[in-house]
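Novice: The chain contents come next:
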Amino acid sequence: MRALDEPLPRARPGLLHGTPVAALVGLAAVWAMAMATLPEAAVRVAGLAVAHGALLGTALAWTSTGGRRDRWAPLEAGLVLGGAAACASLHPWGSLAYVAVPAWLAWRRGAWLGARAWQSAPAVAGGALFGLVLGAHLLVNTALTFGYRVRTGPLVELAGWWAYDLGANVLAAEAFFRAALFERAYRRWAFAPAVALATGAAVLRYLADPLLPRSLGMAAGATFYIALLGAGSCWFFARTGSLGPSLAAATVFFGAYRLLAPR
Amino acid sequence: MAIVIALALAVITLAVAHSGADAASPWRHAYHVPVVVAALRYRNGGTLAALAAVFLYAPFVLPALEREGATPAVLEGLLTFALLLGVGVLSAALAGGVRRQRARYETLATVQRALDGDTPIDLAVARLRACLQGRLDATVGLAVHDGTRLVVAGGGRVARGSAVAHVLVSGAPLFVPDAGGRGALRRCFVAPLGGRGGVVGALAIERAGDIAADERRWLPVLAAHVGLALENARLAARQRRFADELAEKVAAATRRVVEMDRMKSEFVAIASHELRTPLTALQGFSELLAMRRFAPAELARIATIMRAETERLGRIVNDFLDLARLERGLAPPLRLARVDVGALIADAVEVLQRARTTHHFEVDCADGLPPLDADPDALDRVVKNLVSNAVKYSPAGSRVRVAARAQEAPPAVEITVEDEGPGIAEADRTRIFEPYYRTTAGAKAAGGAGLGLAVVKSLIDAHGGTIRADNVAPHGTRMTLILPAVP
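Chains as they are written, first to last, in our numbering: chain U, 1 to 263; chain L, 1001 to 1487.
Mixed in with the good hints, there may be bad ones.
Quick list of the computed label-pair ranges, beta carbon to beta carbon [to be verified]:
id, chain 1, residue 1, chain 2, residue 2, range
1, L, Ala1130, U, Arg239, 53 to 59 Å
2, L, Ala1130, U, Ala106, 37 to 43 Å
3, L, Ala1070, U, His91, 46 to 52 Å
4, U, Val99, L, Asn1044, 37 to 43 Å
5, L, Leu1079, U, Thr65, 49 to 55 Å
6, L, Ala1109, U, Ala106, 50 to 56 Å
7, L, Glu1245, U, Arg239, 50 to 56 Å
8, U, Gly114, L, Pro1120, 44 to 50 Å
9, L, Ala1109, U, Leu204, 47 to 53 Å
10, L, Leu1228, U, Gly114, 45 to 51 Å
Far from chain L, some chain U residues (derived; all Cβ distances over 10 Å) [stated by the list, open to error]:
id, residue
11, Leu8
12, Leu15
13, Thr19
14, Arg44
15, Arg68
16, Trp93
17, Gly114
18, Arg239
19, Arg258
Calculated directly from the structure, the hints in this document are not laboratory data.
Even for Gly, the Cβ is constructed at its ideal location relative to N, Cα and C.
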C-alpha cells in the first residue's frame, strides 16, 4: 500500500506543464505557409496533419517520462499524418495509409496501444458495447429526426472513413482528451470536474471541425453524442487506466456514424 | 430486478410508440416509476435509469422538435427530459445518502465486533483491517502504537515520508489525490486514530477512483471511533490481565495462609513436646528431692541438671516472646554496647563445648577484629543458636568450626559457623529463616520448633546485618553473618 510503503509523491506540475510549444508553433507555421502557398487540396491535407498531429503530439509530450524527443512529437506526428492524408488524397484506397498512424504510435507509446491496453478484455468489450449502443441510437435518432438512411457502400468510401477514424480522428482525440487531458485533470481533481473539462474540450474540438455539417441540429446532435461518448470513455479510462476500452467505444461509434447517408 | 426495470422501460417506450408516438404522450409519466425503483434498488441506478428513459424517449421528442419547432407538446416532452433527469438524480442522491448512512452504522458495528474479545493487538489490527477493507471497498492500511512499538497491517512498515508517517506526526487528516505509480489513478486518505494520549495511530484507505468529499468528512469520524475502540479493547485486556494476576495473588496468599496454619498447628504440637521435656525432668527431680535424701555430690548433679532444664525452658519461652514480636512486625529490643566479637565467640563456644562433648570445636578469630555496636546478649544467642544447630544437624565426632574476620569497605565483621552435616537442599535454603519452617531432613534428624533461625534473622536484621546459608564441599553447611562494625 503506497500510503504506508512509499514516500508521498512530489507535487504535480501545472495542467499545461510540458506543452511542446516550439513544435506546435512549428506546426502552425507549416499550416500558415501551406495556406499561403499551396492549392486547396494540399491545404486540406496540411490542415488535417497539423490539427491531429498537434493533438497526438501534445498528448505524447504531456505523458512523456522525460525523453527529449517527445518535445518534437507534434512535428513527428504531423509528418506521419500528413503522409497518410496525402496518400488518401491521391488514391481512393490511399486512406488505408492511415493504418500507419496506430502502428507508429504503438511503436512510440506501447502502453497506449500495446498489450496493456487490451489486457482487460471485459472492459474493452464493454467499451465496444457502449459505442455500439450510442451508434445505434444515433442511427435510429437521425433516421427519425432527419430521415437519414443507413448506407452500405461504396466500400472504398466507407473503408476510407473508417481508416481515417481509426488512424487520425479517434486516435488523436482519445490520446489527447483521455490519456493526456483527462488523466492530468483527474490526478488533480475529482472525477466530475475532470470529465467536464475533458469532455467539454472534446465537444469544442468537434464543433470546430470543418468536416462537421454546419447546422444547428447537427451541432446539437454532435454535442449530445460526443458528450456522452466522452463521459463514458473517461469513466472507462478512470476505471482501467487503459486506453483500450475508450478506443473501442469511439471506433465503434464513429464506425456507425460513417454509415449515415444524408438525404 | 435490473431486468424488470429494463423491461418496464421498454414496455413504456412501446406504449408511447403505440399511442401515436406523440412527444406529449401521457405514457411518458410512467417512466418515473422504473427510475425511482432503480434509484431505491441500485447505487447510481436512478441516474442511469433516467438517462436510459431520456435515451428511449428522445426519438419521439427530437424529431417533433425538428419537424414542428417548439410547440407546447414538444416543450412538454423536453420538460419531461428535465423532470426524469431531476427525479433520477435526486432520488439516487437521497437513496444513496440513506444507503451510505446505513453502511456507516454497520461499519461502526463491525469495528466493535472485530475488536471484541481478548485478542492480541497484532491479530486485532489485522482483523480490523480485513473487515474495514470489505466495508470501505478500498485497500486499507492501519498503523497502531502499542505503547512500545508500531503495529502495521496492510504494509510491511511505515516508510519515512509516507502519507501515514505525515499523519502520525501532524495528527491531521491528509488527502492525497494522486498516490503515484502507473496505471489507473489511485487516491488515498489518511486519518489519525484518536486515543486518550492523542494520536495512537493512523487509518489509511487507498482506492482506484474517487474518495468523495462526503467520505473524506466521515473517515476521520470512523478513525476516531476505531481509535477509541482499540483503546477500549486495550484497557479491557489490561483489566482482564490485572484481574487474573489478582486472582493468582489471592490464590497464592490463600495457599500461604493455609501453609502457615498447618505449620502453626505443627508448631503447637512440637512446642508442647519441647516444653514438656524440661518440665517432665523438673517435675521428676523435684519429686525425687521431696521424697528422698541425697548425698551432696548427687544433689549437686541433680541441681546442675535442673538448672540446665530451666535454662532450656527459658530459651524456649524467649523464642516464643521474640516470635510474638516478630509476628507483630516489631524489631527485637536491643541494648547496644561496644562488643568484642572474638571474646564473645570464644565464651559462647566454650559454654557449648562443655555441654556437648560429641563434636570437635574449632574457633578461628582473626586478630584485630573491629568492635561492634551490638546487643551482647542478642549476639550471644545468635552464635549459640547457630553453633547448636551445627551440632544438632551434623554427625557425632565431626568438626564444628567458628571463624570471624574483618571486612574493610564497608567496615564489618564476618562470622561463619561451619559444620560437616548433610547440608541444606536448594529449595529449603531460602525458607529456613521463615518462622515455623523446618526442612524435611531437619525434622527427621532433630527436634525443635522451627523458630531458632527466624529469631536469629530478626536479631541480625535489627543490627543492620545479613545472614545467609551455603553448602560447602564435600558436605556441610556454612552460615555466614555479616554485622556492621564501628568505623
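Novice: Each hint needs a verdict: does it hold in this structure or not?
Specialist: Okay, the hints, checked on the actual structure:
1. A hinted range of 53 to 59 Å is violated for the C-beta pair L/Ala1130 and U/Arg239, which are about 24 Å apart.
2. Between L/Ala1130 and U/Ala106 the beta carbon distance is about 42 Å. The supplied range of 37 to 43 Å therefore holds.
3. Range check, L/Ala1070 to U/His91: about 47 Å between beta-carbon atoms, so the 46 to 52 Å window is met.
4. Remark: the range hint 37 to 43 Å for U/Val99 to L/Asn1044 is upheld by a beta-carbon distance near 38 Å.
5. A C-beta distance of roughly 51 Å is found between L/Leu1079 and U/Thr65, which places it inside the suggested range of 49 to 55 Å.
6. Distance hint for L/Ala1109 and U/Ala106: a CB-CB separation of about 52 Å, consistent with the stated range 50 to 56 Å.
7. The beta-carbon spacing between L/Glu1245 and U/Arg239, approximately 55 Å, falls within the hinted interval of 50 to 56 Å.
8. Under the hint 44 to 50 Å, the C-beta atoms of U/Gly114 and L/Pro1120, about 47 Å apart, fit the expected range.
9. A hinted range of 47 to 53 Å holds for the C-beta pair L/Ala1109 and U/Leu204, which are about 50 Å apart.
10. Range check, L/Leu1228 to U/Gly114: about 50 Å between beta-carbon atoms, so the 45 to 51 Å window is met.
11. Residue-level check failed: U/Leu8 sits 6 Å from the nearest beta carbon of chain L, not beyond 10 Å.
12. At roughly 13 Å from the closest C-beta of chain L, the C-beta of U/Leu15 stays outside 10 Å, upholding its exclusion from the interface.
13. For U/Thr19, the requirement that its beta carbon stay farther than 10 Å from each beta carbon of chain L is met, with the minimum near 20 Å.
14. Once the 10 Å rule is applied to beta carbons, U/Arg44 is consistent with being away from chain L; the minimum gap is 30 Å.
15. With 10 Å as the threshold on Cβ separation, the claim that U/Arg68 sits away from chain L holds: the shortest Cβ distance comes to roughly 21 Å.
16. The claim that U/Trp93 is not at the interface with chain L holds, since no C-beta of that chain comes within 10 Å of its own (minimum 36 Å).
17. The claim that U/Gly114 lies off the interface holds: its Cβ sits roughly 13 Å from the closest Cβ of chain L, which is beyond the 10 Å cut-off.
18. Distance check for U/Arg239 against chain L: the nearest CB is about 7 Å away, which does not clear 10 Å, and the non-interface claim fails.
19. A cut-off of 10 Å between C-beta atoms confirms that U/Arg258 is not in contact with chain L; the least separation is 21 Å.
Hints 1, 11, 18 from the earlier list are contradicted by this structure; the remaining hints agree with it.
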